[in-house]
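S.K.: Residues per chain, in single letters:
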Amino acid sequence: MKNSSIIEMKTITKTFPGVIALDNVSLKAKSGEIVGLVGVNGAGKSTLMNILGGVYKANKGSIFIDEKEVEFNYPSDATRSGISFIHQELNYFASQSVAENIFMSDLPMNKNISFIISKSKLFQDAQKILKLLDSNIDPNQAIEELSVGEKQIIEIARALSKGNNIVIFDEPSSSLSISEKNKLFATVNSLKKEGKIIIYISHFLNEIQSLCDRFYVLRNGKMVGEGYIKDSSKNEIIKLVAGKEVILKNKIHLNEKKEKFIEFQNFSYGEKLKDINFFLNKGEILGIWGLMGSGRTELLRSLLGLDKKDSGEIFVYEDQNSNPISPKDFRKRCGFVTENRRVDGLFLGESIIKNITSSNLLSYSEGKLNIINTKQEVKDAEFFINQLAIKTPNSFTRLENLSGGNQQKVIFGKWLNKKPEILILDEPTRGVDVEAKQEIASLVLSLAREGVSVILVSSELEEIVNMSDRVLVLRDGIFCHEAAGNLINEESLMSISLGSKR
Amino acid sequence: MIISNFKNFILSNNLTIPFSICIIAAIIFSFTVPNFSDLRNILNIFEQLGVLGFLAIGMTFVMISGGIDLSSYTTVSAAAVVGATVMVATESVFLGSSVMILVGLFFGILNGIAIAYLKMIPFIVTLSTMVLAQGFAIWFTKAQSIYGLPDGLIYFITDRVFGYLPMPAILISFAAIISGYFLYYTKKGREIYLTGSNELTAEISNININLSKLLVYIISGVMAGITAIVLSGIVETSTTSMVRDERLMDIIAATVIGGASLKGGTGSIIGTLLGLLFITMLGNVFNLLGVSPFIAIVIKGLVLVAVVGLDVFRNK
Chain L
10 MKNSSIIEMK
20 TITKTFPGVI
30 ALDNVSLKAK
40 SGEIVGLVGV
50 NGAGKSTLMN
60 ILGGVYKANK
70 GSIFIDEKEV
80 EFNYPSDATR
90 SGISFIHQEL
100 NYFASQSVAE
110 NIFMSDLPMN
120 KNISFIISKS
130 KLFQDAQKIL
140 KLLDSNIDPN
150 QAIEELSVGE
160 KQIIEIARAL
170 SKGNNIVIFD
180 EPSSSLSISE
190 KNKLFATVNS
200 LKKEGKIIIY
210 ISHFLNEIQS
220 LCDRFYVLRN
230 GKMVGEGYIK
240 DSSKNEIIKL
250 VAGKEVILKN
260 KIHLNEKKEK
270 FIEFQNFSYG
280 EKLKDINFFL
290 NKGEILGIWG
300 LMGSGRTELL
310 RSLLGLDKKD
320 SGEIFVYEDQ
330 NSNPISPKDF
340 RKRCGFVTEN
350 RRVDGLFLGE
360 SIIKNITSSN
370 LLSYSEGKLN
380 IINTKQEVKD
390 AEFFINQLAI
400 KTPNSFTRLE
410 NLSGGNQQKV
420 IFGKWLNKKP
430 EILILDEPTR
440 GVDVEAKQEI
450 ASLVLSLARE
460 GVSVILVSSE
470 LEEIVNMSDR
480 VLVLRDGIFC
490 HEAAGNLINE
500 ESLMSISLGS
510 KR
Chain U
4 MIISNFKNFI
14 LSNNLTIPFS
24 ICIIAAIIFS
34 FTVPNFSDLR
44 NILNIFEQLG
54 VLGFLAIGMT
64 FVMISGGIDL
74 SSYTTVSAAA
84 VVGATVMVAT
94 ESVFLGSSVM
104 ILVGLFFGIL
114 NGIAIAYLKM
124 IPFIVTLSTM
134 VLAQGFAIWF
144 TKAQSIYGLP
154 DGLIYFITDR
164 VFGYLPMPAI
174 LISFAAIISG
184 YFLYYTKKGR
194 EIYLTGSNEL
204 TAEISNININ
214 LSKLLVYIIS
224 GVMAGITAIV
234 LSGIVETSTT
244 SMVRDERLMD
254 IIAATVIGGA
264 SLKGGTGSII
274 GTLLGLLFIT
284 MLGNVFNLLG
294 VSPFIAIVIK
304 GLVLVAVVGL
314 DVFRNK
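Protein sequence lines, in the order shown, are assigned to chains L and U. With my numbering, the residue at position 231 of the first sequence is 240, and numbering never jumps. With my numbering, the residue at position 86 of the second sequence is 89, and numbering never jumps.
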């Protein structure tokens, strides 16, 4: 494996249908330095790294390693050029040992019988690499017994075993404990000393500051800033990340009434949720802002009774009384736009009609036999296709043939069709193009104006800031901050979630 | 208007493939295989279709919900021997038939509870009940066949309505119409499709997925009970192996040819019956041509592999 000393991405442009994901972006990293790449979700970090990893092909621009142009058509091309990724979500073979996981793609074979694995060499080699990483993990151990942080070390060991020289860390720390983080940073630093090229992606600014030598900031697909860490203050970087023009809130909707509607008490589940209490007003948009792994999705799912919980009660305020309500009954009054629509948001193989009516089948059922009124179904589906401007050939089109933004609109249609009192949105505009994003935002605002209470979870600060009446900041399973009205702004939320103040 | 509606129906329900396979096969067979197009042979095909049809309808429900039922064909034997014993003892066709359906219902509930509420894997659960039902039937009869079924049952099942139409074919038409109507037009039917299409989404959409799953295995079990009645009437005895093992393959093949996916969410009663018609014609042709039954099994096995390939291809 050649020891490359410099990698450069020049004027990379990448478009997806309807969006420019990257616009003329350049980035350079040298051996022996750690380069940080910062930006909010959707800024284009992953797209850029996917191009470097051979997953996507850029529309324009080129990649140079040691001043020689390289072309990556497949991920394997990038691996062969010495590029390794350490992902946030780890890939491993759960039932296999640590050593086998490290060398999975290149198991050492017995010298005499070429199809038999040499276990002794396997474990020796694994031990060697783990020692290099200053780790005392036993190579014989089953990988599922390791902690998340240790698994990450294994992932790094795997990269080293291939002799890869360019290591890219993609949000590696978001699911680690503090001591595990320190261990990870030590490892990254020792890689640096060995002369590796390291690109470290994170939205934790203090990590970037303590770890990196240089940084790049991506915003909306453009490289908006770069520099040396020692020359830049944290506030300068925050400004670059959030955008110079702090977006003034010109909210169409502002909830003034503050009539308490739902109260959640003592929601706890293991280490994920620690005694969470909050309430929701009528017609209010309550933003819950937190980074990945802060417990956002777990909180929503346990509120709705979809996941286990240790404790937690829900009360509804009706006619000046507060009544307890079971999660199941609560769910009946809610619409729930889930984080990952392909997993649990859609019926991909079914038509728009059947998706839209699925939340409310009872209202289409007639007579003792519960016969579905299909004419009414088509009529209602067409109503929502018009109202939400869903782009589709017709209402019979199956969901798998729609774009992400239009799929998301169908999900909104499905819940609007139920006329929910509470709408729970988990990353409602993830993977949606800019136009649809705005349409969804204004839809949510107008719903709130009509009296629907909204819980909005998002990792996009702009969305939270622009839409919420009140924001709760979730970190490590507890609410660590609350802001309302004009006190909600991107800079303060960002610094709270990054952990610099409480 | 009616023709264009029919055309839309065929296209929108993935019926194109089973429909064309049946027509092409029927044309080829009637020109190449002697006696194939005789009225008597055609009626014979429909009688056979009537027997396996109930099991195939049950399988369609189960596969739409995303599961599989390997046990229904041995449940037929268990139901048949218990019901026949009652029938012989009491001379009551009604009582005996009811017992057959109850035994089917019992195995359906057993599968349904294990799969829906205990979250066990359908393949393993129904594989176990398949062996269980078979073993039970053998133990119950000490491996003896039960003769002397009431004439009433035999006359009823082997009756040719208007002198031509085999009774099983008429019964299966009723079953098909009722179950098709249930699946396409009722709330519960829709929920079964949605459960199979995406269980997690269905749960979040407040659909009772456990009830949907329980229901499909109950339907499959009851269909096995009905099959026991029909088959006992046709063969005039009840045995411990009413339905041969390779018929399970025929049923699954028919269901998949008919548009059901092993992943759930798709399939239709009409499609399944067309698929079954094709499989039955194939078996009938082997019979007419005097192909060795063992070779026939090999060929049908190949058809099943091709059909599963079709399922993968369709899902691409």
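These are computed hints drawn from the structure, not numbers from a lab. Among the clues, some could well be false.
Capping the alpha-carbon separation at 27 angstroms, the derived lysine-lysine pairs in DSSO-like fashion look like this [to be verified]:
#1 K39/L / K239/L
#2 K281/L / K191/U
#3 K317/L / K303/U
#4 K190/U / K428/L
#5 K191/U / K318/L
#6 K337/L / K145/U
#7 K384/L / K190/U
#8 K341/L / K191/U
#9 K39/L / K120/L
#10 K122/U / K377/L
Reference listing, derived: stretches of chain L covered by chain U, where coverage requires no fewer than 3 residues with Cβ under 8 angstroms from a Cβ of chain U [as the list claims (entries may be wrong)]:
#11 333 to 346
#12 356 to 369
#13 486 to 494
Even for Gly, the Cβ is constructed at its ideal location relative to N, Cα and C.
S.K.: Take the C-alpha atoms of K39/L and K120/L, compute the straight-line distance between them, and say whether it is at most 27 angstroms.
M.R.: 38 angstroms, violated
S.K.: Has the given pair, K190/U with K428/L, been kept, meaning a C-alpha gap of at most 27 angstroms?
M.R.: Satisfied, since the Cα-Cα distance of roughly 19 angstroms is no more than 27 angstroms.
S.K.: Under the criterion that the straight-line Cα-Cα distance not exceed 27 angstroms, is the pair K341/L, K191/U satisfied?
M.R.: Measuring from Cα to Cα gives roughly 18 angstroms; hence the hint holds.
S.K.: Quickly compare the C-alpha distance for K191/U and K318/L to 27 angstroms and report which way the hint goes.
M.R.: 30 angstroms, violated
S.K.: Given the hinted pair K337/L and K145/U, is their alpha-carbon gap at most 27 angstroms?
M.R.: Outside the cut-off at roughly 50 angstroms; violated.
S.K.: If you draw a straight line from the CA of K122/U to the CA of K377/L, is it 27 angstroms or shorter?
M.R.: 31 angstroms, violated
S.K.: Taking 8 angstroms as the Cβ threshold, is the statement that the region 333 to 346 of chain L is covered by chain U upheld or broken by the three-residue rule?
M.R.: Since three or more residues must qualify, the claim that chain U covers the region 333 to 346 of chain L holds, with 3 doing so at under 8 angstroms.
S.K.: Given the proposed pairing of K317/L with K303/U, does the C-alpha separation stay at or below 27 angstroms?
M.R.: The given pair, whose Cα atoms are some 47 angstroms apart, is violated under the 27 angstroms limit.
S.K.: Three residues minimum, CB to CB under 8 angstroms: does the region 356 to 369 of chain L make the cut for coverage by chain U? Let me know.
M.R.: With 7 residues close enough to chain U, the hint holds.
S.K.: Examine the region 486 to 494 of chain L: at least three residues should have C-beta closer than 8 angstroms to a C-beta of chain U.
M.R.: violated (count 0)
S.K.: Decide if the proposed pair is consistent with the structure: K384/L and K190/U, CA atoms, cutoff 27 angstroms inclusive.
M.R.: 14 angstroms, holds
S.K.: If you draw a straight line from the CA of K39/L to the CA of K239/L, is it 27 angstroms or shorter?
M.R.: OK: K39/L and K239/L at ~17 angstroms, within 27 angstroms.
Checked against the numbered hints above, the structure breaks hints 2, 3, 5, 6, 9, 10 and 13 and satisfies the rest.
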